[in-house]
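Hey, can you work out the whole structure from these sequences and the hints?
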Amino acid sequence: MKKAEPEFQKILRLISQFKTEVESVHLFHKKMYRKTCNYVQNPENSILTNMYMPNEIFYAMGLTPVFTEYITGTMATLKKSSELIDISEERIQTTGFCSYITNIIGIFENEHLPVPRFLILPSEICEDTPKIFEYLYYKYKKQTDFYFIDIPYSSDSESVNYIASQIEGMVEFLEKHTGKKLDHEKLEQTFKLSNEAKKTGDKIKNIRKISPPLISGRYGIYMAGVVTLFGTQDAVEILENMYNEMKKNKKNNNYKTYSNRLYWVHLFPPYASKLVRYLERDLGSAIVGEEIFYIPKDNLDIDSPYKSLARKIISHPVHGSIESRKDHILKEVIEHNVAGVINFSPNYCRVARGVVPLLREELGKIDIPLLELTGDPIDSRNYSLSQMETRIEAFIEVVNNKKEL
Amino acid sequence: MEKKNNDPVIGWVCSYVPEEILYAAGIKSYRIVGDYSSESKTNTYIPSNYCSFVVNTVEAAMEGKYKFLDGLIMTNSCLACELMHDVWKREIDNLMVYQLDVPRINSSGAAIYFKDRLIKLIENIENHFNVKITDQSLFESVKIHNEIRKLLSSIQSLRKNKNPPLSGLDFLNICNMNYSMSKDEYIKYLMKLLKLLKIKETKVHKKKRIFLMGSKIFHKYVPEIVEDEGGLVVYESMCSSNKNFDNLVEIKDDLLLSISERYINKTPCSRMHDKGDLIKSVKKEIDDYNIDGVIYYSTKYCSSNALKGVEIKEQLKNEEYPVLFIEDDYSKNSLEQVRTRVNTFIELL
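Same order as they appear, the protein sequences are chains D and V. Mapping of the first sequence onto this note's numbering: residues 273 to 677, in sequence order. Mapping of the second sequence onto this note's numbering: residues 4 to 352, in sequence order.
Please keep in mind that the hints were generated in silico from the structure rather than gathered at the bench. Quantities reported herein were computed from a predicted structural model and do not represent experimental measurements. No false leads were slipped in.
When the alpha-carbon atoms are kept at most 25 angstroms apart in a straight line, the in silico DSS-like pairs for lysine-lysine are as follows: (1) 283(V) <-> 414(D); (2) 453(D) <-> 579(D); (3) 123(V) <-> 579(D); (4) 286(V) <-> 411(D); (5) 528(D) <-> 674(D); (6) 413(D) <-> 316(V); (7) 278(V) <-> 411(D); (8) 522(D) <-> 475(D); (9) 520(D) <-> 291(D); (10) 118(V) <-> 579(D); (11) 320(V) <-> 211(V).
With beta-carbon atoms standing in for the labels, derived distance ranges: (12) 130(V) <-> 673(D): 48 to 54 angstroms; (13) 413(D) <-> 339(V): 39 to 45 angstroms; (14) 112(V) <-> 481(D): 36 to 42 angstroms; (15) 350(V) <-> 554(D): 58 to 64 angstroms; (16) 197(V) <-> 365(D): 38 to 44 angstroms; (17) 366(D) <-> 352(V): 20 to 26 angstroms; (18) 310(D) <-> 153(V): 55 to 61 angstroms; (19) 112(V) <-> 531(D): 51 to 57 angstroms; (20) 362(D) <-> 47(V): 34 to 40 angstroms; (21) 287(V) <-> 383(D): 31 to 37 angstroms; (22) 382(D) <-> 352(V): 33 to 39 angstroms; (23) 593(D) <-> 352(V): 42 to 48 angstroms; (24) 47(V) <-> 481(D): 30 to 36 angstroms.
Chain V regions said to be covered by chain D (calculated; three or more residues, Cβ under 8 angstroms): (25) 73-84; (26) 109-122; (27) 308-322.
Glycine included, each C-beta is placed from N, C-alpha and C at the ideal position.
Here is the structure:
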């Protein structure tokens, strides 16, 4: 008898069938759906991780990584999270934690996805995820094994070596548990694909900095997950498709004119797509850059694979001090030539909220207003579109007034 | 605290900061514990969803309560501590603020990495304060700190007795003295105390033996409530107590590596990666100390402690150990709620 389709796969299938106005976003959903099918069919070859983990080694070993934020975010896109929220609230019994992460408990309890063979996690980006993964390991240790990579605060060469040796340990761990050896040629191929994707990703970032908005900002936010496909042909294909779409739109003057350019910091509530539509269509303000649509800084080097991957982790702007993250955002804000910044802070996310006071102060010095929106990123039950619209409308008024001055 | 002879004083927050190094440099160390007040002037810098201990501590700093400090050593313990480092560095003048990188795993690689971080810390202290840490001064310092750990462990062991010679509140006060007193005086005090406690006549009590675990507790309120409500705290697994003295630095040729190993191998803080070792040690302590009930205490918004608490609580409950999870905001505001819950828990034991 054919096994029933798990809920997450079903939702992703529905999303991937929905044709978006930006073709590359549709392509991204289709690729992610196919990846999820692989995961569901072969959980023994699958890995649960987060979006900051470089996946090149997994792809070179024929393993399927899926990241937590994508799973819970996708469920929230179609407002299918209420049961998951109930489960995480029942287990945790106290508030204060990121629902992007805690809802993963319900995904496995409700069998929306099979338990993966491996849990592999870097200590970046927050402290909630490692503890939830430890909880998952405690619950499912008969089915899964756990490898944790400690990412230090510092970025010097000793820190790179420390991470590199742990990545090397991860390869030994995977080789031991899968019985497969990491093939150097395959790793070289994934590195090449990763570098190719980076090259196109950079071109997309650069064209967006200097052009009128060639795609809607909410698609930039949705595409943040493409970095988890780096090392596959899929990532190259999606990004090239996006770049070509943008070039074509520019050539054919197929883009809208907006009064304001905006920059989006941190995540976006996946259920709130109408909000961006309101911002763009009704208020004439477009998001032209997003912090989370991040393209790695350096190319991967096959002659030094583990150190190279370590550098990829450590060069991410969320790594290290809050001051350095603030500096990265400021640089992006200036490069994108924006008139305002919107930060969405999930209620209990310390990563998102920690940077806001410092960022507000620094943006104030260059006369760029910042709007901090707060809310649950997953739970849409307390979300009020009209309240959010009022806040955004007031913010755009401030942006407009500053321009007039 | 008052400074003597203008000698430098360095503050520290996390129990992964090796005091041995400060002592070896001739610098007085002072543990920053906040003041358990409930006002907050720190909203400008620290969002409301950050750990209340951190908010409280920065608040105290901004009010000038740590003006006597010449330096501060923070760790990358959690995001809140990282922000605390940034805020302190920006807002408090004339202070050396140093961020010490502490690994989250227990492995030989992590010990070597941590040793390297300690070398950098030493260089920084030597340059900033114009002092020299020699092999000999480090050796002497290790001996002194090991002595303190041995004495505290001996006092701790007395609490295994059916009728312990000291309460949880007494032990908390003893531990707290370590954070501001001179180490030499503290050793003398502990030796004298241990002698007295060994011969002290103890009264038979009918109190429930409580194991307190979770975040740090430096204030008297929670243990006082437990003991007022019919409990007796006989063991704490917290970085304010046993995690600060539970193992020794092994005297080896590479003393700095030994110091690193001691900190990496000590009973882990909840921020450390744990694949089930913590619950094993908790169960052992429950047996060793003949525990009637476990109270897991967490400060509000401390992810590592609260989320680890979920797992610990579930595992203990599955094996029918009585356990209570309580959370407060490191202020006096929630104490009566804590009292109600503790009272009910102890009545049910």
